[in-house]
Amino acid sequence: MKFLGLVIVCLTGGLLLYGTMDLPDWGDPASPASTHLSDYYIEHIVEETQVPNLVTAVLADYRGYDTMFETAVVFCAGLACFLLLRDFRPGKNRYYRHIPTGVMLHFKNPETRMIPGNEFEHMDKDWVPSDIIIKTVCRILIPFIQIYALYVVAHGDFSPGGGFQGGVIFGSSLILMAISYNLKTLLKRVTEKFLSIFAATGVLIYVGLGVLAVIMGGQFLDYGMLAPLVPWDPGHVRALGMLGVEIGVGIAVMAVMVIIYVNIVSEGRHDEGL
Amino acid sequence: MNELLALIVAKYNFWLYIILMMIGLYAMIAKNNLMKKLVGMNIFQTAIILFYVSIGYKHGATLPIIQGGHGTHDAVIHAADYINPLPHVLMLTAIVVSVATFGVAMALCVKIYQRYQTLEEDELRIRLSEK
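Protein chains in written order, with full-length UniProt numbering: chain R, 1 to 274; chain B, 1 to 131.
Calculated from the structure, these hints are not laboratory results. Computed from a prediction, not measured in an experiment: that's the story for all the values here. Each hint should be verified, as a subset may be incorrect.
Straight-line Cα separation of at most 27 angstroms, DSS-like style, residue types lysine-lysine; simulated pairs [as the list claims (entries may be wrong)]:
#	chain 1	residue 1	chain 2	residue 2
1	B	Lys-36	R	Lys-92
2	B	Lys-58	R	Lys-2
3	R	Lys-193	R	Lys-125
4	R	Lys-193	B	Lys-111
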């Protein structure tokens with residue numbers, strides 16, 4: 001099987017390499033990909049949409065439907081992870097950690113409970129103490145990563161940036177918190193309910209802006225129709241519409257990244273896991 | 001021979017991506033472990049993404065962000081000055097969607113492991129026929 005696979009791969013690779021003879025040279029400005037539609041985009045985008053960032057303009061305006069359903073795909077992926085893995089059975093054994101000394105207590109009877117507070121916290125069997133250096137560095141870095149993520153989202157329409165990228169950066173800062181501390185610390189700050197609501201809200205903002213344009217008398221996702229709602233800046237209403245859509249995308253992507261991570265590392269039990 | 005060399009130099013991006021793609025394809029065909037297959041699929045996807053981004057590149061062009069576009073400006077925009085934004089848009093969404101689908105694939109792997117205690121394909125086949 002391995003030898004057969006190698007033969008097939010070599011054959012396919014050889015045919016593809018033979019096929020490159022007909023492809024345009026690297027960086028050729030006259031290649032078919034950059035002579036038809038992209039020229040129109042580059043030359044007309046600023047007058048048509050007032051957005052200097054061409055990538056965002058094509059993403060959220062010319063191909064708005066496409067991006068809307070990409071966001072829906074991301075949302076569905078988060079939902080699929082949740083439905084496949086989430087385990088609602090209560091754990092039989094309970095573990096508590098005495099915070100000042102670090103001693104773990106194991107309760108075999110599920111009836112006996114302790115109230116977690118300043119002295120004891122609820123823990124899991126797989127819990128390992130995290131390193132003080134890693135903890136401190138992450139504690140300093142995470143707020144800056146999050147500020148940077150918000151900066152990237154806010155620059156979606158006027159300079160490099162956008163909702164997908166900013167959302168991933170924000171989500172990864174939360175994942176970093178779970179890795180450097182533990183999963184319980186993360187889930188205390190961003191609960192499962194919060195994440196689910198945010199993932200749905202992101203998609204809702206996107207679709208809602210499209211429906212709002214329909215209500216205002218335009219076509220779906222025609223941001224120019226939102227002008228009466230933004231009285232202060234009529235010239236840039238399309239740019240503001242795209243910014244709103246990017247914020248929605250960012251929220252959805254951020255929440256879905258964390259949902260996928262949390263469910264996979266703990267096999268849906270939402271305890272320590274990895 | 002010199003012609004072949006000139007061909008490779010003119011289109012070296014495609015050659016590199018096809019080699020990368022074939023590494024991913026080989027992993028998907030020949031590896032037994034489902035996780036390794038997934039990693040192969042990710043390599044394949046990355047090669048496709050690099051391929052598309054390289055199509056958008058133009059010599060002597062800059063990022064697809066119009067200079068002085070924020071606010072009023074009357075300067076004529078030349079298409080040759082900016083790289084092609086379209087492949088970037090497509091790949092921007094493709095990257096995020098590939099991460100999301102990879103997450104779903106890993107969730108399925110976790111489920112398979114929980115039920116059959118293995119991710120090796122031949123062992124899985126034996127356990128499936130046992131039931």
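These are the hints, each one checked on the structure:
Using a Cα cut-off of 27 angstroms, the hinted pair Lys-36 (chain B) and Lys-92 (chain R) is violated, with the two alpha carbons roughly 34 angstroms apart. A hinted pair counts as satisfied when its Cα atoms are at most 27 angstroms apart, and Lys-58 (chain B) with Lys-2 (chain R) does not qualify at roughly 40 angstroms. Of the pairs offered as hints, the one joining Lys-193 (chain R) and Lys-125 (chain R) holds, with about 24 angstroms between alpha carbons and a cut-off of 27 angstroms not exceeded. Only pairs whose Cα atoms come within 27 angstroms are accepted, and Lys-193 (chain R) paired with Lys-111 (chain B) is accepted, the gap being roughly 23 angstroms.
Consistency with the previously given hints fails for numbers 1, 2, ordered from lowest to highest.
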